[in-house]
Amino acid sequence: MATAAQKRIKSVSYAKYGYIFILPFFVVYFIFSLYPLLQTFILAFHANGGRTNLAFVGLDNFKTILATPAENDFKAMGIHDTFWRYMKNTVIIWVGNFIPQIALSLLLAVWFTDLRVKMPGKGFFKVVMYMPNIITAASVAGLYLSLFGDSSYSVINMLRGCNNPELGVEPLKIITGVWSARVLVMFIQVWMWFGNTMIMLMSGIQGINESLFEAAEIDGANSRQTFWKITFPLLKTIMVYTLLTSMIGGLQMFDIPFMLHTGNVINENIATVAVFVYQMFHKNFAKPSFGYSAAASVILFVITSILGALVFWVQRDKDAMEKAKKRRQQIKEAKRRAKGGGFSI
Amino acid sequence: MNALKKSLALIATLAIASTAFYACGTDTPANTDSTTEDSTVEDSTVEDSTEDSTPTDDNGEDSSSTDAVAIDVPETGDKLSVLCWTGDDVEKMIENFTKNKPEYAGKVEYVNVGSKGQEAREQYATYFAGGEDADLFVLEADWILEYINNDEYTAPLSKLGFTDADFSGCYPYTVSIGTDNNGVLKAASWQATPGAYVYRADLAEEYLGVKTPEEMQPFVDSWDKFTETAKTVKEKSGGKCAMADTLGGMWQVWQYNRKNAWAKDDKLVIDDYCKEYADLAKNYWDNGYVTKESQWDNKGWYPIGQDGSTMGYFFCTWCLGKGSMLSNAEGGMEDDGETPKNADIYGKYRITAGPSEWAWGGSWLALSPNCDNGEIARDFVKYFTVDEDTMEDYALFKGEFVNNPTVMKKIVDDGSNKNALLGGQDQFSVLYESASKIDMDGKITAYDAQIKDAFNNAVTKYVKGEVASYDDMITEFKKNAATIEGLTVE
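Chains A and B supply the protein sequences, listed in that same order. The opening residue of the first sequence carries number 152 in the working numbering; numbering runs sequentially from there. The opening residue of the second sequence carries number 26 in the working numbering; numbering runs sequentially from there.
If we strip away everything but chain A, and leave its shape as in the complex, we get:
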């Protein structure tokens, strides 16, 4: 029999300290994340050209961005065309960067974690491959501008002899070219991020029970079989995670496309939707177009959500779902029998 004192002690709750400890996060989150987030949705439905007292315009901003503009409505044409051009760039650059990136990272991750590969200096290579990710995007853009710039005096053009006017070699215009610039951005993105993805996949592989690999080895599986039959299927969850984060990051790609240009005008062939968002409310300082920016953000959000849901749907555990469905049917059946008195055909 517990005494009264024992009962009291039992009911002392330490949970409130837990709440106090997590409070700062929620306060900061509500002020700096949730409020701006909701504000973005609100702004998307309001007029442009000011900072305060904006009129409610319903879906007009979305209509301007998405619908085909009327002839001679240059404003709508400008916004509509720019958005879709930038959307196209975003998708092209993302696909062109994600596929090589994941392939390279997966290959390296498998090599680095393979028990049979005795590679010297593993730690060194991991660090070196992660390194580009540490450099700020601004420096990376500066670096690539001096390597691949349009000028006769960029490294690549100097190697071709463009810095000598006697030779008369026309300099390569990589940055202002359409596909050359896109490929360059894809390359930069892969170069910056493959180390990061590799580390993530490695941790996924290391999470797989080692005895499975050992068993496979004993059973005589070669490394290809080990990869396709063990590593890859068990890596599924972490792959889904990588795909999702990469997709969200890719659709919001901003820094390199924004900075890889000289002069005042952003390179339209590599500009992404995030650049569009930035441009819209920066173009006229006195009259910022927050509405279009916010609407574009919301469109991006919807696209991201749909794609995210799609990834989850594709990657769902079909066996588990099948089982759950069966169980539900059995229960139904059992209930029906109980009700109907065991009548069946």
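Hint data in this document are derived by calculation from the structure and do not stem from the laboratory. Predicted model, so just to flag it, every value in this text is computed and none were measured. Any given hint might turn out to be false.
Said to hold, decoys possible - Lysine-lysine pairs mimicking DSS-like chemistry, simulated, CA-CA at most 25 Å apart:
hint	chain 1	residue 1	chain 2	residue 2
1	B	477	A	438
2	B	307	B	104
3	B	259	A	226
4	A	226	B	300
5	B	503	A	214
6	A	324	B	373
Based on these hints, arrange chain B on the given structure of chain A.
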């Protein structure tokens, strides 16, 4: 309890995930082009230029005691803060100011806002909202109207005790630009920014046989002549030497010579001028009369000044001092600031008026409504924009073309200015002529910076053949300009 834990975990996850997609409302952490240098104020690698300045000691008594109008600004601050996106001008100004007014030594400070004009344009407003000390700040011609027409950001100069008559000695165009829509003077400039054509004397002698800038001028005194000369130079050099440095350089001359403002009643104005420029640019680009480098791309813009691929540059007052663009085009200086890196080119450039008069940029001093150092602010503005003696001192100190024709005339007549970069030629004697012709009255609009970007973007596409025809170029231009909020395009 379990459900609560679960929902908390869910909220936390959602919270982290959702930070991914908010856009506005917060300050976008954009590392905007710290790598490219395209402000219209001098390159930031300025070498010390105090050595050869000849400061006059005649500043004597400043006339602060003779002011009749009272200062309507509190005196509660201890330091005068001058805001700008580059220290090139302001730091030199402070140096000169405190040298001649020792009582203010240590009382004036330069505050950096942004790394180029376009950034400062957005960041001033944020800076003011932060409530930090701001007394005077620098505005650029392309976007000055946004600020001086907003009483939240700028206060009239009459608050410092100035009357319009105080600025009667300035170039009138600078005064009219510094005046807001209601006729109130809000900003005063310490400089006039006429431009000219700066060319390689050795190449000119080789290809054209001219020996002096006076002989050179007839070859370049109109755009027809300029084009003709470009053709000659191209042929004589075996196709390697262009006449103009970049499209950006040519554009600066053209943009000034526009007859109409870019916008009238908030409506975009497209006139014959656009076609003339587009055709000229295409002609120059296709025939190699202009190099294919871009302005402000330091990688290529400066080396072409030494390798013989351009005859010269279109430069204005603030491109010609020590450590400026001209200095870089001549190869720059060693760290001691005295020895040229490329002795073959150093001092080989000469200056001549070129095809037409023009001006490029220019900066104005404006008064913040939060100013709390009335007296220093008044003396600072007076020192650089009103007082002729101190303005002359500063002109020789920095090599600045100060905003006062009388002072500039005196310097030209005295012959007291010799520019080593121009082989001892006095650039002021050439620029003085064009400065008096500058007339920008009514040609500046609040949309200029964006419209010019949109136009140049379209022209660049046109010359490179990315848009097929002039009409397509105009459509492209219109579409781009139409996205500027507040501007109507038809």
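May I ask which of the numbered hints given earlier this structure violates, with the numbers listed in increasing order?
-> Going through the list in order, the structure violates hints 2, 3 and 6 and respects the others.
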